[in-house]
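Colleague: Just need the whole structure built from these sequences, with the hints factored in.
Chains as they are written, first to last, in the numbering used here: chain A, 1 to 329; chain X, 1 to 329.
Think of the hints as simulated: they come from the structure by calculation, not from any bench. Errors might be hidden in some of the hints.
[Said to hold, decoys possible] Distance condition first, Cα-Cα at most 27 Å in a straight line; then the derived BS3-like pairs of lysine-lysine: (1) A:3 - X:43; (2) A:43 - X:259; (3) X:43 - A:259; (4) A:151 - X:144.
[Stated by the list, open to error] Just so you have them, the derived chain A footprint on chain X, three or more residues with Cβ under 8 Å: (5) 148-155; (6) 200-211; (7) 307-320.
Since we're looking at a predicted model, the values are computed, not measured. Glycine included, each C-beta is placed from N, C-alpha and C at the ideal position.
There are 2 protein chains.
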Amino acid sequence: MEKIRIGIAGYGNLGKGVEMAIRQNPDMELAGVFTRRDPSSVKLATDGVKAYKMEDIKEMASEIDIMILCGGSATDLPHQTPELAQYVSVIDSFDTHAKIPEHFAAVDAACRQSGNIGVISVGWDPGLFSLNRIYAESILPNGKTYTFWGKGVSQGHSDAIRRVAGVKRGIQYTVPVEEAMQAVRDCKQPELTTRQKHTRECYVVAEEGADLKKIEEEIKNMPNYFDEYDTTVTFITEEEFDAVHNKMPHGGFVMRSGKTGLNEETDQMIEYSLKLGSNPEFTSSVLVAYARAAYRLKKEGAVGCKTVFDIAPAYLSPLSGEEIRAHLL
Amino acid sequence: MEKIRIGIAGYGNLGKGVEMAIRQNPDMELAGVFTRRDPSSVKLATDGVKAYKMEDIKEMASEIDIMILCGGSATDLPHQTPELAQYVSVIDSFDTHAKIPEHFAAVDAACRQSGNIGVISVGWDPGLFSLNRIYAESILPNGKTYTFWGKGVSQGHSDAIRRVAGVKRGIQYTVPVEEAMQAVRDCKQPELTTRQKHTRECYVVAEEGADLKKIEEEIKNMPNYFDEYDTTVTFITEEEFDAVHNKMPHGGFVMRSGKTGLNEETDQMIEYSLKLGSNPEFTSSVLVAYARAAYRLKKEGAVGCKTVFDIAPAYLSPLSGEEIRAHLL
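Modeller: Structure (structure tokens):
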């Protein structure tokens, strides 16, 4: 079997997750890891595969079918994805919602010039949650969609905690409010404020001698991050922090409550949920499945930028049309 | 706006549901209802639309963009879908799993001859549940998928009850076993027998003077339908039957529990569920969304038989690519 040759650009948590996910898919192989660090300092988990400098992508493009970009949405992907799309078909997990139209246009232009495929904003939100929103809203036009996140670690909020003076270590969990979810499940179509949907739980290791009261107040009143939420701050020891808060769990819920019938009197409820032991490992698994889709679309001659909305589900599966109709339909 | 002209073939619960769903979608209109009954005896809910004889479809094909077939899978659809595909693009909810490959081949052949599109097995299972199986299995290749149905009315099992001597009225609810679902959610990947997954609850109005003990035994020991399940039989009055058991609720769950990570040690859980106030109304809503997709595919020049696996989600939505990327991604 001819294997799909995957490249990884950026070898942080997400890049490592992609490497692991490739090992679970026998129709794929890792062709190389590209890094901004010194390649000789990068130790891969896959035997016989090398790390290269980011600049080497240009020369190695012919050895890679799909490049999975594993950088951050804030500063890496906005320029990296369109740049690399000049040389190779690309896929990323760009998640800055407000800037998606702009990113789409840039990647689309680069792909159309080079004849490559680009798939952007792949993961679970944006990604699988987006899919569930479009399916549910198309099927139940009269209804209301809700997204809840958690329980899970928010990287952005954890970073914000760590910027507070006197904080040595910090982590933040976003927690959906059970009563709000229940009201949605009961088809009450409630109007929910930000505060009613999620709470924020912070675990902090303070520097020796720090003013705990002050840290707590500063976190709870931080604009944009915490001030619109009910926030708890719990101080713990460094030992507890390392033992209990060393994972990156996440997850969430997309629900649509709709009405059907002659007088729109019948309640219909669609719910999708994820409970993820590791956010980066799961996002990587989604990226790898869509890399298979991108590879096939490219082979069929497709060009330009796509999102999960534009890709038929059959492209994600290693099985044939006959097999999926017989076993999964 | 040019509206999508929908025809309905078969005006039972499903056909009536399609009529209601069309009213919720401003880009569609009902072009006609086709029935095997005397058309003058059929009263439609939509003003200005007529009922026709089933045979009239041939002559009226040019006035219909997509024909939604609302007959049964046992005897109607196996011949109706390929037959009508000779004249018009079609969509059905064929749900006899074992015969899907055969049905696909027949509809595909008819469509390729006529240049039409046929979409088969659209609804929630097969349909939305199938979508969730393919997405989840493609993303988590190392895992186990579970489908639970209910709580909901099984038409086949209700019919079986009503064939028992001494039964005047009867209805059967399929109920998923909560402990089994919990074990799946806890990522234990249990091996579950038929009996461990679902129970069957029967509500029966007996004929006057009937032997209740005998009815109960006959139901509980009925091969294929009840003997492999824990079944309860509750005798009720006709008044209670009419008051409480006059709806067709249904629903269910698709879950995939998978492992990721270097040593496949991380638990990942995907769950999709439906809680439907009316099974036929919801199935109709899915059919209508896929009728939009079929219409667009046909316009693009696509030909042949498709399933939900072959259709990109964007085709289902009335919104443009820009709108879905801005609002749903």
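Colleague: Apply the coverage criterion to the region 148-155 of chain X and chain A: a residue qualifies when its Cβ sits closer than 8 Å to a Cβ of the chain, and three qualifying residues are needed.
Modeller: violated (count 0)
Colleague: Measure nothing beyond the straight line between the CA atoms of residue 43 of chain A and residue 259 of chain X; if it is 27 Å or shorter, mark the hint as holding.
Modeller: holds (23 Å)
Colleague: Quickly compare the C-alpha distance for residue 151 of chain A and residue 144 of chain X to 27 Å and report which way the hint goes.
Modeller: holds (23 Å)
Colleague: Would you check the hint for residue 3 of chain A and residue 43 of chain X, treating anything up to 27 Å between C-alpha atoms as holding?
Modeller: It is violated: about 59 Å lies between the C-alpha atoms, which goes past 27 Å.
Colleague: According to a criterion of three or more residues whose C-beta lies within less than 8 Å of a C-beta of chain A, is the region 200-211 of chain X covered?
Modeller: violated (count 0)
Colleague: Does the structure keep residue 43 of chain X and residue 259 of chain A at a Cα separation of 27 Å or less?
Modeller: OK: residue 43 of chain X and residue 259 of chain A at ~23 Å, within 27 Å.
Colleague: Given as covered by chain A, does the region 307-320 of chain X meet the bar of three residues or more with CB within less than 8 Å?
Modeller: Since 11 is at least three, the answer is holds.
Hints 1, 5 and 6 from the list above are not met by this structure, while the remaining hints are.
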